[in-house]
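K.L.:
Given chain A, put chains B and C in place with the hints provided.
Chains as they are written, first to last, in our numbering: chain A, 1 to 590; chain B, 1001 to 1597; chain C, 2001 to 2166.
Hint data in this document are derived by calculation from the structure and do not stem from the laboratory. Some clues are possibly wrong.
Said to hold, decoys possible - Restricting the straight-line Cα-Cα distance to at most 27 angstroms, the calculated cross-link-like pairs of lysine-lysine (DSS-like) are:
1. B:Lys1145 with B:Lys1183
2. B:Lys1537 with C:Lys2152
3. C:Lys2020 with B:Lys1588
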Amino acid sequence: MDKIKLTIDNKEVEVAKGTTILDAAKQIGVHIPTLCHMKLHDMGIENKPGGCRVCVVEVEGRRNLAPACVTEAAAGMNINTHSIRVINARRTVTELIISDHPFECLTCAKSGECELQDLAHQMGIREIHFEGEKSVYREDTSPAIIRDMDKCIMCRRCEMMCNEVQTVGVLSAINRGFYAVVSPPFEQNLDHSVCTYCGQCVAVCPTGALTEVDHTPAVIRALSDPSKTVVVQTAPAVRAALGEEFGFEPGTLVTGKMVAALRRLGFNYVFDTDFAADLTIMEEGTEMLDRLSRHLNGDKTVKLPILTSCCPAWVKFFEHQFPDMKDIPSSAKSPQQMFGAIAKSYFAEKQNINRKDLVVVSVMPCLAKKYESSRDEFAVDGNPDVDFAISTRELAALIKLANIEFKALPEEDFDHPLGESTGAGVIFGTTGGVIEAAVRTAYELHTKKPLPKLNFDELRGMEGVREATIDFDGLPIRIGIAHGLGNARKLLEDIRSGKSHFHAIEIMSCPGGCIGGGGQPYHHGNSDILIKRQKAIYQEDSMKTLRKSHENPYIVKLYEEFLGHPMSDKAHHLLHTSYFDRSKHFEQED
Amino acid sequence: MAENKMHILVCGGTGCRASQSEQIVNNLKAELESQNLENDVRVLTTGCFGFCEKGPVVKVVPDNTFYTEVKPSDAIDIVNEHIVKGRPLQRLLYKNPKNNYKVTNTASIDFYKKQVRIALRNCGFVDPENIDEYIGRDGYEALGKCLSDYSPSEVIDIIKKSGLRGRGGGGFPTGLKWEITSKEKNDQKYVVCNADEGDPGAFMDRSILEGDPHSVIEAMAICGYCIGANKGLVYIRAEYPLAINRLKIALSQASEYGLLGNDIMGTGFDFDIEIRYGAGAFVCGEETALIHSMEGSRGEPTFKPPFPSVSGYLGKPTNVNNVETFANVPVIINKGAEWFSSIGSENSKGTKVFALAGKVNNVGLIEVPMGITLREVIFDIGGGIRNGKKFKAVQTGGPSGGCLTEKDLDIPIDYDNLIKAGSMMGSGGMIVMDEDDCMVSIAKFYLEFTLDESCGKCTPCRIGNKRLHEILDKITKGKGTEQDLERLKLLSNVIKDTSLCGLGQTSPNPVLSTLLNFEDEYLAHVREGKCPAGQCKDLLKYEIDPDLCTGCTLCYRNCPVGAISGEKKSVHYIDQSICIKCGVCFQKCKFKAISIV
Amino acid sequence: MPKIKLTEYATNLVKEICAKFNNNEGELINVLHQVQNKLGYLPAEIQELIAQELNISAAKVYGVVTFYSYFTMKPQGEFPISVCMGTACYVRGAEQVLDEIKRQLRIDVGETTPDGKFSLSALRCVGACGLAPVVLVGEKVHGRVATVDVKKILAEYKSGCLSDKE
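Same shape as in the complex, but just chain A:
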């Protein structure tokens, strides 16, 4: 590759042709501040509208300052990243942004994590020299996401995620000039839109313009109500990221400390969504094998590929955008909802608790889980199977609120019976994990032989769309994997046009899967964090003695005592669901 030489802050640097000034400067340890720019290196996701103008630098011989994030370094360039002219411009631009921003830092949900706040701090802003009209918008609260557009700085990251990465198409810049803002169509609320609540807009928002609906007050109320038995389930990806909120290196597993913290918060039972993940494999794997064998026996009515259905944003996505294909995904509920259904039936009966007095809280890396738990079909007589879904970030907030010194906590174990899980349940937290877990079980159920290996490296990785063929003892099973809804769309379009050759496809809405969920600690554009979380997930899997869902003794017991067998009537009633056509329909006016 061609190399070029240039000078940045009096230091010569050699970079590959095509490198931006921003990246060239990074190579010699010069960190030019940015705001709108965001790059998730390993996922091919980049937002660089060149709009905020915070990263401007002085390039000798140029009339205007150049934005470092979009300007390509050229041979012989002489760049100054902190001349008086640059600092003055950068501070003024920052002041301008703040001049159109509410001064609510003390009460803002994003305080401490806000990139604008950090920038103001870095710039040493003490006074805003420009006063004037501020943008005011109606606050929009949906089941999962709060939009407070007064705090929008038009970085366009959310718009990029929603349209380019997720292809959901809810958000677009509207209006122009000072009144330009990012909004759903016709400035309607999110809950009127095709939003999937994947939360990727929240994950990348630099300010408090997009945040999650806070369920922690409700959880605290439930915990302090003596008439309630409060159980908690924790999703697999949470343990691989929660530590980041307490100063642990990304990728540090904090499963034991998390359990200890939850117990100290007052939860009566600390359970694991991984248990329900194992249960999901039993149901979904069985359904898959059933469809597969019918297909192999020449049943033309059976539809393949089967698609996973654990991801609520994905479910809402196809309900809106591919309603004609709503009978293709597995009918199995997500682990969160399976857990809720079992907790409020099997467990409640066992403990002799009225379901109304049992509160199920889930801790999820996800914002769509808040929406999922609120879906009508997941409630009995108005009492939801999962009462509250809080994010990893909200759990961290609860722990901090309760003065629990997380780092000093001992490692503790989950409670029984809904806390036992296999490695297969754990890897649900990353892209490729659900299908790997399904393969581990389906293989053995189908071939009646033990697996020759447990790790399916061919299913792992970070590429947006992956495929692999797994040999089921002579029967080649073709598997597709997509993470990110834009990638999912590609596979769905192939299915629609008859081009798809897969037997089974795993889909997760968020880049990286649940480890990159919208409810995780903010990655601030650092995709290394996601890779480290993924490693942690596989590490937890490899440390487990049991790594196949059907070997989970409590799952076996659950079927023996309560459900009968996978896909039984009872299992169907409790653990399966159906999907709705949510697409828009035009009707003739009378």
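P.N.:
Using the frame of chain A, we list chains B and C on its own:
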């Protein structure tokens, strides 16, 4: 034009049409018919004559008699006097304001004397809806020459040698732009004509498309030949229905004649042109924004590079030029690069069309050689300031330009000199201001425009211009401080330095140039709370001079809010707490008893 | 299943126009122009249908509609009034004329009178700078308008409607 003895040309530009020029055409035709003269005399609707101030304008050829401010009812007299009796109709002749002599011939009218018409060569001479007339004036000859005699690189050389620079504002050398696009390797390239004229007060592109659409079509085809494109797109404002209509007619006629389409003139060169509509966004004059708009998106500019010549419409190499630039091309090919470069100044060759407007006597569309002075334009061509008022400033370059003053009047007008003087060429708006204009308000007016038209993508333009405007507003309300003037300067310079596109980078120019040239006026606003020009409503009040008031009650009867009281034949009084400063009383008073203080 | 109601006429019109442009998303602006020309404005339901026909998001359509000042989501008055606020008109008093029209009609720019007679907009340079300041009522150009003329001009249209009714 051969078979008819005489022609009556009626201006069909938007300005004259607004004053019923179409009706004039109809009446002329009817009168000629009634006298059985329809075969001897042809009535033509042409493009803009430029002399909009005196519109509607009618010209009789071959004797070049020039009638101004014609009304539909004058048609009968024109036919009876001029056509039938052969003597000019005295009462409609242009009167030289200097000596009150009637002028019969355009060539002797000051407004036209110093003009050199290249881009506007056919405007006002041909029927834009008839391709034969264009062909009759050497139309499509240049295209034929290029296709048969020259290689694309030879044509590019001619354009380069001519020194033609982009007339849309930037002034980038046209030949070089073509060359860059021609060197890109791609199976599909595009020629785009930017007809999204958005500068408030400039209408040359529209006038060219209305008056001479074929010159643009011909030039686009030549450009296509040079860069290796067989597809052209005209991006035109939807607010220009007449220009769109004439362009459509011209396109279909050109196709009919085989001057567009496949195998043009049997040379194997294919070229077609489509129309795309703008929808009211000034920022779409910027190349990248224009391309996004043509692709069906919000017209937000993107960072350059990549330039459109490398990656433009649908990601393909695209050459974007504006209407006036294209209109120059066929003449350059026909008359040669040397001829063209002999006109104009050192680094700015040829002519420039300006829309001269504001407080000048002769408002209109003019084309002058580069290097002419502002003084010549304003005082000779423009006929000086209206109502004998004093010249104060002239704004060139529209909202992106600056205000130039007395001291700049003798600067030869070209790209570089205007920038040096703190303004710019822009697309060619030229607004003249007199002593009654408040320069703070003018700066605020332009800022308002930028504010409305900013796309909102980058911080300095989105928020910076808003804050600039707010400070200016404060000053015009008498609430500004001297510190605000410092803030204006600082903020203006940062906006210029950091904005994403040309719109933001130039938006503070009106502020900076008025601050530089009229600091006193700003200081009067902030220090004394006074508007020296008497324009800022919040800083002025209307008062009745008891010595001059006759008690005629005219002001009382016309005041829309009942702020004036007084009995008949006694002195009237304005209640300042009710007065909305609309100025109606001031306009109505016949005794100059009402003054602005 | 969210339902959107539209008249048969509008539905067919939008579908026809989109089809004419091969349902190509790049033609969005052309489609919006033609639909607005026929219907007078672009209500949300229409935009939803255009989005569906061109296979793009409604958010994108709305983003485009709100970007360009030519597009409107509100029905216009019977007599749309546009005041030219180009520079030439501005320096010859267009702002005062606009203020007077606002005062007389008791509406702001972008609004329509409650009786649906007049809507008011400000536009940039109609290119009739020789007639500055210029006010357009529908297609008709009123040139050299002073504040004192506003009442008369409005009356022309008001009375016009009255006589129509009689």
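K.L.:
When you check the alpha-carbon spacing of C:Lys2020 and B:Lys1588, does it fall within 27 angstroms?
P.N.:
56 angstroms, violated
K.L.:
Measure nothing beyond the straight line between the CA atoms of B:Lys1537 and C:Lys2152; if it is 27 angstroms or shorter, mark the hint as holding.
P.N.:
24 angstroms, holds
K.L.:
Has the given pair, B:Lys1145 with B:Lys1183, been kept, meaning a C-alpha gap of at most 27 angstroms?
P.N.:
Roughly 22 angstroms separates the two Cα atoms, so the pair holds.
Of the hints listed earlier, the one the structure fails to meet is number 3.
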